[in-house]
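Kindly produce the complete structure, drawing on both the sequences and the hints.
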Amino acid sequence: MDVYVQITGLDSGKTRGVKALLDSGCSTCCIDTDYARAEKLDIQELPQPIVARNADNTENISGRITHYVDLRMRIGPHVETRTFLLTCLGKARIFIGLDWLTEHNPEVDWQEQTMRFSRCPEQCQMRGHEEHQAMIDMDAIDLDAGAPDLEEGESILLIDFGKEVDLRLKETPAQKFAEEAEKEKERMTEGKIPDQYREFVKVFAKESFDSLPDRRAWDHAIELKPGSKAVDCKVYPLSRNEQVKLDEFLQENLASGRIRPSKSPMASAFFFVKKKDGSLRPVQDYRKLNEMTIRNRYPLPLISELVHNLCGAKFFTKLDIRWGYNNVRIKEGDEWKAAFRTNRGLYEPLVMFFGLTNSPATFQNMMNDILRELINEGHVVVYLDDILIFTENLDEHRRITKRVLELLQKHKLYLKPEKCEFERTEIEYLGVIIGHNSMRMDPVKIKGVMEWPEPKSVKQVQAFLGFTNFYRRFVRGYAEVAKPLTRLTGKAGWSWGPDEHAAFDGLKKRIAEDAVLALPNDTGQYRLEADASEGATGSVLSQNQDGIWRPIAFISHALTETERNYEIYDKEMLAIMLSLDEWRQLLLGATETFEIFTDHQNLEYFRKPQKLNRRQARWITELAEFDFTLRHRPGALNRKADLLSR
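Numbering that gives the first Met the number 0 puts the first residue of the sequence shown at 0, with every later residue one more than the last.
Careful, some of the hints might be misleading.
Dumping the calculated DSSO-like pairs for lysine-lysine here, alpha-carbon to alpha-carbon at most 30 Å [what the hints assert, rightly or not]: (1) Lys244 x Lys415; (2) Lys313 x Lys244; (3) Lys411 x Lys191; (4) Lys482 x Lys508; (5) Lys317 x Lys224; (6) Lys205 x Lys401; (7) Lys411 x Lys330; (8) Lys224 x Lys287; (9) Lys409 x Lys313; (10) Lys273 x Lys490; (11) Lys317 x Lys90; (12) Lys224 x Lys205; (13) Lys415 x Lys274.
Simulated from the structure, these hints should not be mistaken for lab results.
Right, here's the structure in full:
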């Protein structure tokens, strides 16, 4: 039932009229956090946080309650001073809960829509009416149009001043609707996942960030360099649309507990950047904080190494972790260091956000530790929040997938079912399409390159090169073709002419060829073909698989000013050394002696005793750790590598 109440601040004496909801499903009186702050009420901090739970024993999305306000409340002629807890009430502003209803025990006539105060305790105050006959005509009340009704399915809070409340009240209709909605969500989720994984439906069904992650060994520490001083920042002006988005961001993240108001001496800037689809992405500018943060050198896996591990696999499952970095708490006591300033106040995150310098390392460390046993067995690879399961047979695949889901469930990590793919024979992972012993470029990415508009500035050239560079292992002669564009990114200045246009179209054409590369295995012999021209080097690594030499990868390198002055045999040797460095992990572990083909015959005698300069001597030392045979192939026969450098 809705009632009209008047609330008066004890400090200011200002009175406000507002609609309140009488509900026995809420254990005490509450006021919406945003409304209380907007009205500048005298908010006080509780001595200890209070857990708010829904009727189904799940922690409410509002998180722990940390503040309260004392108000003078009038309902009709009935006046009293009452404590209201601050929490997120959605579209409502005030809940008058079970404690008040129990204390005053009003008589409600649902047909006449009236409420009579005939059973109040002696200490209750009345104005203008006989104490025990005071009555409110609910139909006649001019309810505040600015406060919309509570909708079906919205959470009802169960709250008390204990450390954690475990109340079992009779369900309200709203609670029943909410429970039915949750069951329907699980039924819909079940339809998205294979039958054999239905026992883990809860790992896929959770969509709301309604509780903070547990404190764990991987909590994100922000360790500052000695002598670091607090940094300040300006408040960025916001457009009307940005202001709306900021308010939504703050409301959502305060309610979920991801952030809290702060009194930190540190302040990083907050602003928005536009995504490609025109929507706004909130950004905390942590550059100054990152400069004074001690770096965590925990390594991210090399994408090339992850992909090379997949040889022989026939079945693939990809899992995507929901909420990414937000699954990691910031180490207790370090939250203030990541505070950010908005025109609504200063806030600090309780979970990891994007932009903090060590966030990727912390998250990768957590995922590696959780899945370490399966990673070591060679059936799972993880890159941040992307998990790939790969096996040669289906039975083993399902067994390992269940083990992964069990571990995720144990550690309260949840998945986005719409971004998960199960038991595929070909799958997109980290920007490439993986199949049985092969990989190729993602057709979606190829289409994006084909539709890329001609650059009009250096920045646009850099964006194009940054995107295409990811696929250079598939593109023969990348460095030589891209050279006119690469020149534009230097100090030469902007000049778009025929050479630049040809380079732009040339890269598009080579990417459109959509080369299919083989995944390396542990048994086949490798062959390295290298070549150099005046401006670039190029190489192709192949492997003998089932009697056929299959390309594993291409590389190319634009020569620096110094390298262009090398003698031709030094350029050829540079091409070889760059190739050995690129594919070191494959060639050092090769079970057979690999072959290096080059079109300069004098390189065959390079390792023989002779007078060498320092660079050549260093190369000879580095060559000693590889088991290879150097073979001469005339330029006309060394066609593949020659094309790479031309």
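Hint-by-hint comparison with the structure:
1. Lys244 x Lys415: Satisfied, since the Cα-Cα distance of roughly 24 Å is no more than 30 Å.
2. Lys313 x Lys244: Given that 30 Å is the threshold and the Cα spacing comes to 45 Å, the pair is violated.
3. Lys411 x Lys191: The hint holds at about 20 Å.
4. Lys482 x Lys508: 15 Å, holds
5. Lys317 x Lys224: 39 Å, violated
6. Lys205 x Lys401: 18 Å, holds
7. Lys411 x Lys330: 18 Å, holds
8. Lys224 x Lys287: The hint holds at about 12 Å.
9. Lys409 x Lys313: 28 Å, holds
10. Lys273 x Lys490: 29 Å, holds
11. Lys317 x Lys90: Violated, at about 38 Å.
12. Lys224 x Lys205: 39 Å, violated
13. Lys415 x Lys274: Cα-Cα ~21 Å, so holds.
In this structure, the earlier hints numbered 2, 5, 11 and 12 are contradicted, and the remaining ones agree with it.
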